[in-house]
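Chemist: Same order as they appear, the protein sequences are chains L and C. Counting with the working numbering, you get residues 1 to 195 for the letters of the first sequence. Counting with the working numbering, you get residues 196 to 678 for the letters of the second sequence.
Just to be clear, a hint being listed does not mean it is correct.
Each computed DMTMM-like pair below joins lysine to aspartate or glutamate, with the alpha-carbon atoms no more than 25 Å apart [said to hold, decoys possible]:
hint: 1; chain 1: L; residue 1: K84; chain 2: C; residue 2: D598
hint: 2; chain 1: L; residue 1: K85; chain 2: L; residue 2: E153
hint: 3; chain 1: L; residue 1: K85; chain 2: L; residue 2: E119
hint: 4; chain 1: C; residue 1: K482; chain 2: C; residue 2: D598
hint: 5; chain 1: L; residue 1: K28; chain 2: C; residue 2: D598
hint: 6; chain 1: L; residue 1: K28; chain 2: C; residue 2: D613
Every beta carbon over 10 Å from chain C, so not counted as near; a handful from chain L, in silico [said to hold, decoys possible]:
hint: 7; residue: V32
hint: 8; residue: E44
hint: 9; residue: A114
hint: 10; residue: I137
hint: 11; residue: S141
Computed footprint of chain L on chain C; a stretch qualifies when at least three of its residues, placed anywhere within it, have a C-beta under 8 Å from a C-beta of chain L [what the hints assert, rightly or not]:
hint: 12; segment: 199 to 212
hint: 13; segment: 215 to 228
Hints in this document: simulated from the structure, not taken from any laboratory. By construction, the Cβ of each residue, glycine as well, lies at the ideal position given by its N, Cα and C atoms.
Okay, here's what each chain looks like letter by letter:
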Amino acid sequence: MNIDALILGCMHNDPAAQRELYNRFSPKMLPVCYRFAQSREDAEDMLQEGFIKVFMQIHTFENKGAFEGWVRRIIVHTCINLLKKNKRFNESLNLEHANALHVKEETLPSIMQAKQVIECIRLLPIGYRTVLNLYAIEGYSHKEIAEMLDIEESTSRSQYTRSKNMLEAILIKKRIIEKPDMDAGFIASLGTTTN
Amino acid sequence: MYNDELEDFLRHQADDHRMYPSDKLWRNIQLTLHGETRWPALTYISIFIIASLVVSTLLMKPEERMKKNVAVYTTAATAANTETALANRTDAAENSPVQHAYTDKITQSTIEAVNDKVNKEQHSVTNTLSIVHYDSKTNAALIQAKAAINPASIAATVVKAPQLSTQAIAVTVKNSNEELATVPNTGKPASMYFSTFGLMNVSGLKAGGLVQHSLANIDNEEIWRNFPLLNASDIILKKLSKFNFQFYITPSISYRQLTDAKGKAARSYTAIPLSANYKIDINNIVKHTPSIGAEVGFALGYQLNNRFTVKSGLQFNVRQYNIAAYPAAWPPASDDMQPGNETIDALATSANYTQANSSPIVLRNRYYEIAAPIGMDYKVFAGTNGTVTINVAATVQPTYTFDKEPFVITTDYKNYADGSLLMRNWNINSSVEAYISYKLGAFRWQIGPQFRYQHLPTYGGGYPIREHLLDYGVKLGFTKSLN
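Just chain C, same shape as in the assembly (with noise of 0.2 Å):
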């Protein structure tokens, strides 16, 4: 085998020889190309809670709602319809928040402020429907409206009687206004007047006429067990009790990764030998050692439902960690601190640092922040009368980053510099936790780990090393609904 044949031979052999290069060639190559990967279900989540926040709030406020059926109920009473309007009370009764009132006691002061509230509502609903004359047909039927609305304006619709008085309602009034003032004395609880005369007994309705309830009535045990109480007070509590407020503290401790964004393409161009300069992982050069960093904030909560819960607020973070280094008499390169091709000269020139000598001293990375977490919360599990409960949350927190003096490391791994040039002001961070909650009195209480990852690299520019900061911590707060 000569010349040509052995070249032929080898070109042959050559071309059938193939192989597989591995997979994390094509990332680096991508990462080159099109630099990190951005990771959009953070701006996704985002969205996602905020539009679930601004949804939520615009579709379930029971304020709304009300208002909502005033308009639907009031117009069909001012059509002299009574079985429409009998027809409609009734639904809006299964399906007006005031289905789900328990009963309870209500105080005279209550009585008042629900008075006072409905007295606004009668207002507004006659001015809007330019209700001039009543009969008693249609004072009936908006009264039983207002009753599906509002089981307290009932009460109001009375002791604001004489304005709409008929043949039909006087004596009502009159027993109500009776009722009123006698409830504080009747040992009965108050809201039992609201349900008594509740007009709930639609047949006695449709049959043409209020039923009329006197005081005897009130003794009446059976009255009770028909017809559900409506307690107004309710309907105000609940409302309101959708909304809670947290306070926690969370301390913990806080570790770095580094990724070195070059890679193996940058060093490859010093391989002397090429093999000797591959497989270095800077975080195994550099020395690093965690400490001990802390979260404080408060956060407002809205209950979407039985086990989620959205919630947003402000919490100031301390993070730190430190650096084991070793004082150089000379500054490095300005070379070692380029961003790509750009170099840092004021970088450069500050540097007085570098791990390459003995007699280590410990410099400490510490950054100052302002987040806004947004996030949601999850019920797992709520024990006996929801006393005890596992929950899980996780938020996406946009931070701002105020207080910083951190060294850098260059990119040639031997000396740290100022990096606080090279700082991002702004980044994103989010957080997962589950925590068990202990409810104690007005307050419910908790605890639980938390963990938490900083998805931008610390320092931007196109720096090639990159940092991610990750802290384990515990988190201890307490949560109140909001009245």
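Just chain L, with the same shape it has in the complex (with noise of 0.2 Å):
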């Protein structure tokens, strides 16, 4: 079945159409989520929460770009209006200077490289990480990311600077990625302990 004729069929509330759309996408969706949430069952319920508004709005959906994207769009929202009920999230957006990380090397040395850089984002403390998430990996700009977390724009900037070098760290602590020439103290800042 072709994605217009799920969208139709979802239009028209049918069971069959709406669970095809959701085993079609939401492997692809729960990871965002995933990268949003504290846990895998708070990703559930973002992803679940996501779907329920995919369905109920599908009908406004006008065919003018992928789908895909759409969906993804929707399930962003989700989680970063969850998120915004978290006191911890709202008090970590404003965050100046993260807490130094306790990152162990090689915690994850059998896992694909993907789901390490993953866990590796989900390391970030949750503001850091969610400027990280919506810029780098979701593509929002700035200026959207600042109207949708009722913040500045400076602020997103700066979170997400912090964050990507933050994460950079990390990777090359986990030998995800090499860079010879990074600032040594930064990473001696992230607090490593070895296994």
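Fit the two chains together into the complex; they arrive one by one in their own frames, and the hints show the way.
Modeler: Here's what the structure looks like:
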């Protein structure tokens, strides 16, 4: 069944079409939620909320862009809305300096690289992580991020810069990427513990 | 790896990442979008049982079959086609329930009752077919046909024979009248009379005349061996014995099962931290204990065949369970009692119990119900002579709750409030049971375990916390055939 037929079926509230659509997109959307969430359970709840919104608002889809992009935007907005209810998240957005992270080297040696990278992103403080996800992976501008998170655009930029540096350091420590000229002092500030 | 390179790298890695959600996630989504899946099987089972009852009543009613046979065979008789009539008579005898009759004694009163019945039949048949004139052949054919329909009718025909008297029958009539009169004095079973006079001697008829049996023939044992005894009273008994009456009482223990339909979707809005609010099983939060209840009822059964019986009746239920709660000085916020987005002020303000303090008190939720079970009974095993049987049975029970003052838990799981406004009047229950029965005299006594489940939530109106009642009981009862 092609995507247009699926969308049409979902617009008619057809459970079979809804199930097919869910099966097709949920494996891609769950990682999106997982990058924002604190745990897999939280991510599944975000996904659940997101798909409910997708099915309830599918009649507003105007076929002007990729349907997957439309679904993804709804999922991301759902994640952000749920995160914004979290007090710790709101505090984290105004964090000037993240506390030192205790990152173990090679703690994830056996899993695939994609998952390793995602796990590294998840090591970031929640505010940093959110901005990084939105900007670097989801492709939102700082202006859009500022509107979504109710923060200043400059805050988004600074949060992103810090999160990127922190992630880069983590990736180096995990030996996922190499960057010989990385500031040794910054890496040390991550509070390395060695296995 | 700088700036855009890192972002490209991250995006690429993120795009490659796949995760598969758990199955329950789709169920939750479906539940939110389409509500709870209805169980169409309930409807289908109910329709099937009702349809079975109707069809079996229409198709298997002996009276109707007999009437149909009368029409067929008397038509043949009036056509004066003796051979055809005889052939029909033979077929009829094979197909008739009379074929299954067995030797039994009948009393004079039974004979009179049968004569009465057959007189009416004869009158009806005569009027319908406008038989004005009889010759010996048609009389013989008519008698043969009627014998096939109902062996007792031949006796009546003979008794009333003067109205139909002809040469061929006159002697028979005379003899038979004598025989009838002498039956009580012969010391023979009255049914022998019908048997000897059953005109089952087809060859004799084909030869052109009726075989006349005199009193002397009654002593001829060969006759009893050659012709099956056709006992009219059996026909009547068999027809009525398909119905039975059952009375039962079932002491039971009532449990309840709670589910929160809003599930995680509802609670995820309050997730601080997100993970802390999940995996809450409401059944583990409330403190409820089962209590003793009972069912008392009666049922009318109709035996479809040797193993299956359909039954329906009326039943009174008492179901109850206990809840541990704690007196509270404050009512819960009206928000807590919202089914969906509707505020129910009456419930919110009437709440005066909570689970959050010390010194618990016991609240008792008790429901009084009337139910109309419709079900099927299957005989799994029957011992020698059918004295002991093992059966299984299942019923669907439309139920009306006529007295209810339940305490309902609020959606935040913290308080109890008066839930009578939320409670459904009508519900659907179903039960399954297995029992062993023992026939003692006219009654068949039974005992066995029974499980009953309430399919629709106790509270309607979209209230998200759903309560389903479960009863485990021991059913005691007796059944009596209706004569």
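Chemist: Taking the hints in turn, state whether each one holds.
Modeler: So, going through the hints one by one against the coordinates:
1. L/K84 - C/D598: With a Cα-Cα distance of about 47 Å, the restraint between L/K84 and C/D598 is violated, given a limit of 25 Å.
2. L/K85 - L/E153: 21 Å, holds
3. L/K85 - L/E119: The given pair, whose Cα atoms are some 23 Å apart, holds under the 25 Å limit.
4. C/K482 - C/D598: Between C/K482 and C/D598 the Cα gap is close to 24 Å, so the pair holds against 25 Å.
5. L/K28 - C/D598: With Cα atoms ~53 Å apart, L/K28 and C/D598 exceed 25 Å; violated.
6. L/K28 - C/D613: 46 Å, violated
7. V32: Given that some Cβ of chain C is not farther than 10 Å from that of L/V32, nearest at about 8 Å, it is violated.
8. E44: 5 Å, violated
9. A114: L/A114 not clear of chain C: closest Cβ-Cβ about 4 Å, inside 10 Å.
10. I137: Since the minimum Cβ distance to chain C is about 5 Å, L/I137 lies within 10 Å and the statement is violated.
11. S141: 13 Å, holds
12. 199 to 212: holds (count 9)
13. 215 to 228: With 10 residues in contact (Cβ-Cβ under 8 Å with chain L), the coverage given for the segment 215 to 228 of chain C holds.
Going down the numbered hints, you'll see the structure goes against 1, 5, 6, 7, 8, 9, 10, while the others check out.
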